[in-house]
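A.B. asks: Sequence:
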Amino acid sequence: MIRRWQTLALACLVGLAGCASGDTPEATVEDFAQAASAGDFERVCELLDPEQLKAFELSAPDESCPQTLAEVAQESPGGALIGDPDQLEIGEATVSEDGVTATVPTTYDGRSSEIKLVRIDDRWRVNLGP
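Residue numbers for the sequence shown, in mature numbering (1 follows the signal peptide of the UniProt record, and there is no 0): -22 to -1, 1 to 108.
For the record, the hints were derived by calculation from the structure and aren't laboratory data.
Any given hint could be a false lead.
To be verified - Okay, the calculated beta carbon distance ranges per label pair:
(1) E20 - G107: 17 to 25 Å
(2) P108 - D76: 32 to 40 Å
(3) L36 - D87: 30 to 38 Å
(4) P39 - D76: 21 to 29 Å
Since the structure is predicted, the reported quantities are computational estimates derived from the model, not experimental observations.
Using N, Cα and C, we set each Cβ at its ideal position, and we do this for glycine too.
Go ahead and model the full structure; you've got the sequences and the hints to work with.
C.D. replies: Right, dumping it as structure tokens:
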């Protein structure tokens, strides 16, 4: 199960790279990318949807979210989750009518991706789910 979460986290972060936040979905995606690039896995986990943190705990009860992401980074090319976050192009978010979810288009190294976010307690959180 841990491998599934590692793959999912890596897929999202590769989408970003080639995955207190701002008040906008775009600012949250930028914060997430900066934290992932810097190896600040505590911050990356703070920016995740809390439901996904619960899933991390269930899939790897002996490891914290930051520990799991550190392992993913070690297995990644270059030993990082994301390359240069300054190369990340962040598009304009599409926010749902109820203001609870958003999708932010990104492009990195010629690859496009859409990052999903959910608004919880007036803060945007990254959702790595399908």
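A.B. asks: Give a verdict on every hint.
C.D. replies: Status of each hint after checking the structure:
Between E20 and G107, the C-beta spacing of about 21 Å keeps the proposed range 17 to 25 Å intact. Checking the proposed 32 to 40 Å range against P108 and D76 shows it is violated: the Cβ atoms sit about 21 Å from each other. Restraint check, L36 to D87: a C-beta distance of roughly 33 Å satisfies the suggested window 30 to 38 Å. In this structure the hint that P39 and D76 lie 21 to 29 Å apart at CB is violated, the actual value being about 34 Å.
Comparing the model with each numbered hint stated earlier shows that hints 2, 4 do not hold.
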